[in-house]
Amino acid sequence: MKHSICMVSDFFYPNIGGVESHIYQLSQCLIERGHKVIVVTHAYGNRSGIRYLSNGLKVYYLPIQPVYNQCILPTVFTTLPVIRNILLRESINIVHGHSAFSALALESIFHARTMNVKAVFTDHSLFGFADLSSILTNKILKFSLAGVNHAICVSHTCKENTVLRGKIDPSDVSVIPNAVDASIFTPTSTERDPEKITIVVMSRLVYRKGADLLASVIPEICSRHSDVQFIIGGDGPKRLAIEEVREHFQLHDRIRLLGTVGHSAVRQVLVRGDIFLNTSLTEAFCIAIVEAASCGLQVVSTSVGGIPEVLPPDMIQLAEPSATSLVESLDKAIAKRRNCQLLSPDGAHDWVRKTYTWQNVAERTEIVYDKISAATEVTLADRLHRYNKCGLVAGKIFIFIAALNYLLLILCNWISPVQNIDLAIDCRKLRRLKTGGVNLEQSS
Amino acid sequence: MAMSCDRSRKKWQKVLYKDQGVSDNYVDESFLEEMKKNLHIRTYEFWAVVRESNVVMHQIYSVWIFVAVYFHMRNFVLTPQFLFEMSSAVTIVGYIVNFVILHENALTKSRWKDGKTMGIFLILGFSLSPILMTLTKTISTDTIYAMTFFMLLANLLFHDYGTDAAIVSQAFSLNAAIFASICLASRLPTTWHAFSLVTFAFELFALWPILRRNLKIHFPRLQIILSFLLGSVVTVSVATVSSVAVVVFLLLHLFITILCPAWLIRLQPYKNNIHGPWDEAVIKQ
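For the record, the sequence lines run as chains A and B. If you're matching positions, the first sequence starts at 1 in our numbering and goes up one per residue. If you're matching positions, the second sequence starts at 1001 in our numbering and goes up one per residue.
Bear in mind the hints are in silico, worked out from the structure with no lab data behind them. Idealized CB from N, CA, C, for every residue including glycine. Among the clues, some could well be false.
Claimed, not checked - With a cut-off of at most 27 Å between alpha-carbon atoms, the simulated DSSO-like pairs for lysine-lysine come out as follows: (1) LYS332/A x LYS1036/B; (2) LYS2/A x LYS58/A; (3) LYS354/A x LYS1010/B; (4) LYS1284/B x LYS142/A.
Claimed, not checked - Label pairs and their in silico Cβ distance ranges: (5) LEU258/A x GLU1104/B: 26 to 34 Å; (6) ASP169/A x TYR1270/B: 39 to 47 Å; (7) THR75/A x ALA1245/B: 42 to 50 Å; (8) LEU407/A x TYR1044/B: 31 to 39 Å; (9) TYR1270/B x GLU243/A: 34 to 42 Å; (10) GLN1020/B x ARG33/A: 21 to 29 Å.
Claimed, not checked - Stretches of chain B that chain A covers, calculated by requiring three or more beta carbons in the stretch to come under 8 Å of a beta carbon on chain A: (11) 1015 to 1021; (12) 1029 to 1035; (13) 1277 to 1284.
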């Protein structure tokens, strides 16, 4: 069964990032499978209006500017008219929101449910429970997830985290991992320095990504092994700490700081290494280690979040988040490299190419779409009842908001009736006419 | 053929790279197995908590004594000379006690420095007192009292009671108290009154907490006796100003010393701290 899907998020092209490429790749694969996909996001500077990306992927850049952290101002009700219009014009039957940080995604899911359109939410990150910002975000998440038909998480740890935060039934959450475009991340042996062992680090240099751990590990490894060198790509507030270590231990010829590395240049940096080091303190999935494995590097990483689930033990060395444990694991990896006991780069690349593919992600997402399309409709009363379960006081507030949104929808239907809204051209029909089947010019 | 597939089915593993033959929304028995609740629990004992609550009460005593002194001066029961002489004598005794319990030498350079600071402060205070008197002439007394109330409340809220919470700010707390004293001092009739009240406020809010902290470290048993002493001083001085106020004070005392500890202990079973592999890792040394 073919669906009309609307991907919504605050994070999309021209921004580059994990969520952005996830949405783009997933949309492309779904289009290949014959579904109709559009993307809705906010304006980026002057880029506002409708743009078409490859394969007829239609992107709506809504004329709303982001205010904080790449997200629009959350107003709940003001996005209703425009989202309603888009969903009706494009005859959307599934809305797929991405990222709990995205106000636009959460609001669109809310409006979709008010209009009885099925909604799916994908969570890409892990959250805590104890601090004030987490408590507020989790309440908002409970509100969003109370209305959603199904949720998708990128790892089992992420699923546990989402189930606890959003208080939803675990059988309503599917685990569909991220994937990587293995054709871009191919290994080559010519870039590597054969006499030295190169350790590559590619992350933002911030506390959360373990920059402090990195700063304490580097001098220890450099003193134990004289043929090891580090290449560090990425920038951030902790760059100074790394530079200080370099100064203090006189390691100028053994540590190279590249600064921010553009997305297209990442592969060039990765293929220069033998070992990839990841010191993050929290990660839901960590696409960076899969990219590194695809380029044939052995991975050494802290065992946090969803990282233990991603790669098999012969491709990754896990360590506790402490300097001593990381040094131990790096020692093991370096020893393996010296004794040529590592998996061959081509072997690693083939494994990643077969295991983490976007086609597989699209197939599994399609199963979720089929399941929710077949499910029975939830009445307004049931929805309000589910919102009520979100909390003693919060439940009543959420019921009020949901009811008000429903009334506003009726108002919109009265002002701009459904029959008067033109339907947009379906790109799939154009593709079918062009690529296969009947050649229109010949038949007429 | 397909013999007993279920029995030979391998245990479900929490990995993403294997197709384990189950649907994506499969919930295994090991779901949430690594979640731990309430790892760092502390058990509280009622009387221990009551004893520790006197830290808060001491600061409240200071505030009430200060306000009572203001009202006594207003009613001309207390003369500024008496207040100045008494507070100076007590301060000097307290100062001596402070460096005795810290086992410091009596004749070090810091004595001279402290003496200089005191001298500068007294001269500055005395010369600025006439300005202080007319400072709030145009503001109504009610506004002054309201501002004083909020400033003293801020003093209580931001005071350093020995924890390192984010809300603690010694500087802000002291500033609030001094501002409150300036508000009240400006309502007094003569320069002498204003000067003596502000000096008393400084001694009470800036110097007394230091001595209190040192006494608590070296003589912890003295705290209860001190509480009783100060408590009775406050009760007596407030009672002579207003009987309603003393009732309020006693109720407040009961609330903080008995009711709040009981409430804290009653709420402990509801604690629900969730820990698990999703937490941001703490770097182990």
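Verification of the supplied hints:
| no. | hint | in the structure |
| --- | --- | --- |
| 1 | LYS332/A x LYS1036/B | 31 Å, violated |
| 2 | LYS2/A x LYS58/A | 17 Å, holds |
| 3 | LYS354/A x LYS1010/B | 22 Å, holds |
| 4 | LYS1284/B x LYS142/A | 33 Å, violated |
| 5 | LEU258/A x GLU1104/B: 26 to 34 Å | 56 Å, violated |
| 6 | ASP169/A x TYR1270/B: 39 to 47 Å | 24 Å, violated |
| 7 | THR75/A x ALA1245/B: 42 to 50 Å | 49 Å, holds |
| 8 | LEU407/A x TYR1044/B: 31 to 39 Å | 50 Å, violated |
| 9 | TYR1270/B x GLU243/A: 34 to 42 Å | 48 Å, violated |
| 10 | GLN1020/B x ARG33/A: 21 to 29 Å | 24 Å, holds |
| 11 | 1015 to 1021 | holds (count 3) |
| 12 | 1029 to 1035 | holds (count 4) |
| 13 | 1277 to 1284 | holds (count 8) |
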